[in-house]
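Chemist: The primary structure of each chain is shown beneath.
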Amino acid sequence: MVYITEAHPSDVWQMQSNIKDEVVFASPKDDEERALVAGACVRKLGIQIPAVLDEFGNSTEQAYTGWPDRLYLIDATGHVAYKSKPGPFGFKSEELGAALARLVN
Amino acid sequence: MRAYRFRVPVQENSLRKRLNIRMAFAHRTFANRRFFKRAFRVVGVIAVVWVLACGVLYDIMRRPPEAFARVMARIPGPFAFLVLPFETLWMRARAGHLQVGDPAPDFSLIKLDKSATVQLSALTAQGRPAVLIFGSYT
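These protein sequences, in sequence, are chains A and B. Per the working numbering, residue 1 is the first one in the first sequence, and the count goes up by one each step. Per the working numbering, residue 1 is the first one in the second sequence, and the count goes up by one each step.
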């Protein structure tokens, strides 16, 4: 998981659904604050896959156009094997699963 | 309307009747034409405003995430999501330049537990594919 800029921080674009789910965080102001929110995310959602933090300049997010969420599969030669459409509409884990199955088999 | 008013001799009943029918028809046609002209103009104005709004929204979507989010927070949800084709515009605006088959941009990012740095090229050099899930808590 590549943890990137918040999609709906409370001080920018608060969503009612996040208030309901008690996921209310203001925009992190630096790497440390981003790491704190990311830590809360990983703990509360029970994420067990390796998680890395995009640096505060968002260079990785920009290279991959990853905001607000997106899926990629990189093959063993370092090339893009699957790229989802931009989230949230294009975030389809079943498509990723199919691409992964094609790559492995 | 006044252009259609003229006297018809009283004794020519049948002719008068026919002319009246014709005049009524012409009147109605004229009124219909005016109505359609006005309706066409209104629809045209709405269409132009709609296209302009789509262009503005598309431009906003191409801005950096925070700038986009700040604007979106001020736009009433139903307008952006129901009146405008938000999803269609979003898919285009945020498509990105990276294509399937392109070399994946390398990165070296710190793990959340700060135990190590993960470099994408180091993973793939081991002959392992990698899944990247971009996202945030909110």
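It is worth saying that the hints were derived from the structure and are not from the lab. For clarity, every value in this text was computed on a predicted model and none was experimentally measured. Don't take every hint at face value.
Claimed, not checked - Each computed DSS-like pair below joins lysine-lysine, with the alpha-carbon atoms no more than 30 Å apart: (1) A/K92 to A/K20; (2) B/K111 to A/K44; (3) B/K111 to A/K29; (4) B/K37 to A/K85.
Chemist: If a hint holds in the structure, say so; if it does not, say that too.
Modeler: Evaluated hints:
1. For a cut-off of 30 Å, the pair hint linking A/K92 to A/K20 stands: about 24 Å separates their Cα positions.
2. For the suggested pair B/K111 and A/K44, the alpha carbons sit about 17 Å apart, so the restraint of at most 30 Å is met.
3. Restraint check for B/K111 and A/K29: the C-alpha separation of about 19 Å stays at or below 30 Å, so the hint holds.
4. A hinted pair counts as satisfied when its Cα atoms are at most 30 Å apart, and B/K37 with A/K85 does not qualify at roughly 43 Å.
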